[in-house]
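Enquirer: Listed below are the residues making up each chain.
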Amino acid sequence: MDDDTIVCRCEEATVGEIKQAIREGAVDVTGVKRRTRAGMGLCQGRTCERIVMRILSQELGKPMSEFEPDTVRTPVQPVTFGLLAEGAHD
Amino acid sequence: MTSAADVIVIGGGVIGSAVTYYLSREGVKVSLVERGDVASGTSSACDGNILAIDKVPGYDSQVTLKSQKLLAELTESLDYDLEYAQRGSVLVVEDENQERVARDWFSRQKEAGLPMRYLAGKEVFEDEPLLASDVVGLVECASDASLNPMAFVYGLVDTARRAGAMVHPFTEVTGILRDSVGTVCGVETTRGTMSANKVVLAAGVWTPALAASVGVNVRIEPRKGHILVAERSPRPARRKVQEFGYLLAKFGGTEGRNVEAEMDQYGIAMVFEPTEHGNFLIGSSREFVGFDRCCNHHILELMARRALRFFPTIRDIHIIRSYAGLRPYTPDHLPIVSPVPTVPGLYVAAGHEGDGIGLAPITGKVISEMILGEPTSIPTEPLRLDRFKNKK
Ligand SMILES: Cc1cc2nc3c(=O)[nH]c(=O)nc-3n(C[C@H](O)[C@H](O)[C@H](O)COP(=O)(O)OP(=O)(O)OC[C@H]3O[C@@H](n4cnc5c(N)ncnc54)[C@H](O)[C@@H]3O)c2cc1C
Numbered sequence: 001m002d003d004d005t006i007v008c009r010c011e012e013a014t015v016g017e018i019k020q021a022i023r024e025g026a027v028d029v030t031g032v033k034r035r036t037r038a039g040m041g042l043c044q045g046r047t048c049e050r051i052v053m054r055i056l057s058q059e060l061g062k063p064m065s066e067f068e069p070d071t072v073r074t075p076v077q078p079v080t081f082g083l084l085a086e087g088a089h090d
Numbered sequence: 001m002t003s004a005a006d007v008i009v010i011g012g013g014v015i016g017s018a019v020t021y022y023l024s025r026e027g028v029k030v031s032l033v034e035r036g037d038v039a040s041g042t043s044s045a046c047d048g049n050i051l052a053i054d055k056v057p058g059y060d061s062q063v064t065l066k067s068q069k070l071l072a073e074l075t076e077s078l079d080y081d082l083e084y085a086q087r088g089s090v091l092v093v094e095d096e097n098q099e100r101v102a103r104d105w106f107s108r109q110k111e112a113g114l115p116m117r118y119l120a121g122k123e124v125f126e127d128e129p130l131l132a133s134d135v136v137g138l139v140e141c142a143s144d145a146s147l148n149p150m151a152f153v154y155g156l157v158d159t160a161r162r163a164g165a166m167v168h169p170f171t172e173v174t175g176i177l178r179d180s181v182g183t184v185c186g187v188e189t190t191r192g193t194m195s196a197n198k199v200v201l202a203a204g205v206w207t208p209a210l211a212a213s214v215g216v217n218v219r220i221e222p223r224k225g226h227i228l229v230a231e232r233s234p235r236p237a238r239r240k241v242q243e244f245g246y247l248l249a250k251f252g253g254t255e256g257r258n259v260e261a262e263m264d265q266y267g268i269a270m271v272f273e274p275t276e277h278g279n280f281l282i283g284s285s286r287e288f289v290g291f292d293r294c295c296n297h298h299i300l301e302l303m304a305r306r307a308l309r310f311f312p313t314i315r316d317i318h319i320i321r322s323y324a325g326l327r328p329y330t331p332d333h334l335p336i337v338s339p340v341p342t343v344p345g346l347y348v349a350a351g352h353e354g355d356g357i358g359l360a361p362i363t364g365k366v367i368s369e370m371i372l373g374e375p376t377s378i379p380t381e382p383l384r385l386d387r388f389k390n391k392k
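For the protein sequence lines, the chains are A and B, in the order given.
Using our numbering, the first residue of the first sequence is number 1, and each one after it goes up by one.
Using our numbering, the first residue of the second sequence is number 1, and each one after it goes up by one.
Calculated directly from the structure, the hints in this document are not laboratory data.
Virtual Cβ for every residue (Gly too), placed ideally from N, Cα, C.
Do not take every clue at face value.
Said to hold, decoys possible - The calculated label-pair distances, taken between Cβ atoms and stated as ranges, are:
1. B/Glu123 x A/Gly16: 44 to 50 Å
2. B/Gln265 x A/Pro63: 31 to 37 Å
3. B/Asp386 x A/Val76: 43 to 49 Å
4. A/Val76 x B/Pro312: 46 to 52 Å
5. B/Gly27 x A/Glu68: 20 to 26 Å
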């Protein structure tokens, strides 16, 4: 993968930006996300998380199995303000 | 491992990072010790507002105004994109009942020297056309700004490192060391001992536990807050908007809002913040429920409902994420920026509740001034650690 390749399509974070974040101190998926926004978009990392883990593994010289996905946060699927607010009536 | 520095800063949140930055800039040798990654505590679970409008008129709002000026300088001197924008902010006044209190707030802030404006009637909708049609006024502060809080921390730490600071992430402080006369001489960490004759405790809501290990009582409690993140979408407002009732939720005022009991119980008040990426954030809630950072779904529902009351047009916009953080609360809503009288060499910089991002510059600067024995940029009496001593 060359540095211009886009890893996170939602936020347009590239391989190069992710490598830079790792040089600045990111050691896990969350650290990369906070520095590059990879995984912060509409799909919440569903597509790019494995690729981010692979780059981490490669750059830090550790096996893939050492990296965990980012913590899952509600809502698991995007929900509209209208629907969420209606829940408040039950 | 044994390493020596002039000053050890405990906690790599926005406050510890600002302290590290300002000291390093003066040529002081600083070690920053953080148990996780930098920006992994409250400074990674918050908004990025730099607001003077919602501070108590007088000392509190004037100190914030000063911090805003320092921040504007930092956006120039830090070699990092902070996503800084100074668009001002507004408080929405819901009804005639609130109007009286809001006009009074406006006058007192104006007197304190803040760049304030009061908008009423059709001016409100010229300013923010998508607000609910029944709101009656807006209080504006033009100096208010926003930034990305995590980028702010990375920028401070990066610049400090280049000026010579040693940064130790994933290193937990397990004890504060004192010499035979009780003066600070270093810290014990999970990666060995580090020595220095000044230590700054900037561990946010975790400060009391560390301070207790040297017999010091610090009055900080975690006050939890939730945030909803909306997808990229057309914005319902161009800048920061909060309901005036936010002040009531924050300060626990007596002027009630016309809301159901649960909204007050969880301290829910609408706070809207657009980000530089085209998303927007919706807050807020306030509760004392210990150190738990999990989201309470019911509170998120109530927050969504409160947001719709002010911005009916966001009904079909998606929420893509939510999170909760722990504000370091003190009983009088002012931070503790102070030497510890009983332990020479120890300082506390913590307890900034919902204002730590905005107050980080002035806090970092003042701690640096205290350590260097210089006159401080602001009077620091109201921020002393021992001010709570005679109160229960
Ligand atoms: C929902 C919400 C919204 C907010 N919105 C705003 C806003 O818009 N504007 C604003 O100005 N403020 C806002 N705040 C407040 C702001 O986030 C905090 O005041 C600020 O982040 C506190 O920074 P801190 O550095 O004191 O704490 P933290 O960021 O929590 O940093 C403390 C650090 O100390 C570390 N630590 C703890 N114990 C140890 C140990 N033993 N050894 C080593 N390290 C240790 C922790 O890991 C942590 O990283 C908000 C807060 C919340 C919760």
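Enquirer: For each hint, tell me whether it holds in the structure or not.
Expert: Verification of the hints:
1. Between B/Glu123 and A/Gly16 the beta carbon distance is about 47 Å. The supplied range of 44 to 50 Å therefore holds.
2. Separation of B/Gln265 from A/Pro63 is about 48 Å and departs from the stated range, judged on CB atoms against 31 to 37 Å.
3. In this structure, B/Asp386 and A/Val76 meet the distance hint of 43 to 49 Å, their C-beta atoms being roughly 48 Å apart.
4. Checked against the hint of 46 to 52 Å, the pair A/Val76 and B/Pro312 fails, with Cβ atoms roughly 26 Å apart.
5. At roughly 41 Å, the beta-carbon separation of B/Gly27 and A/Glu68 lies outside the given 20 to 26 Å, and the hint is violated.
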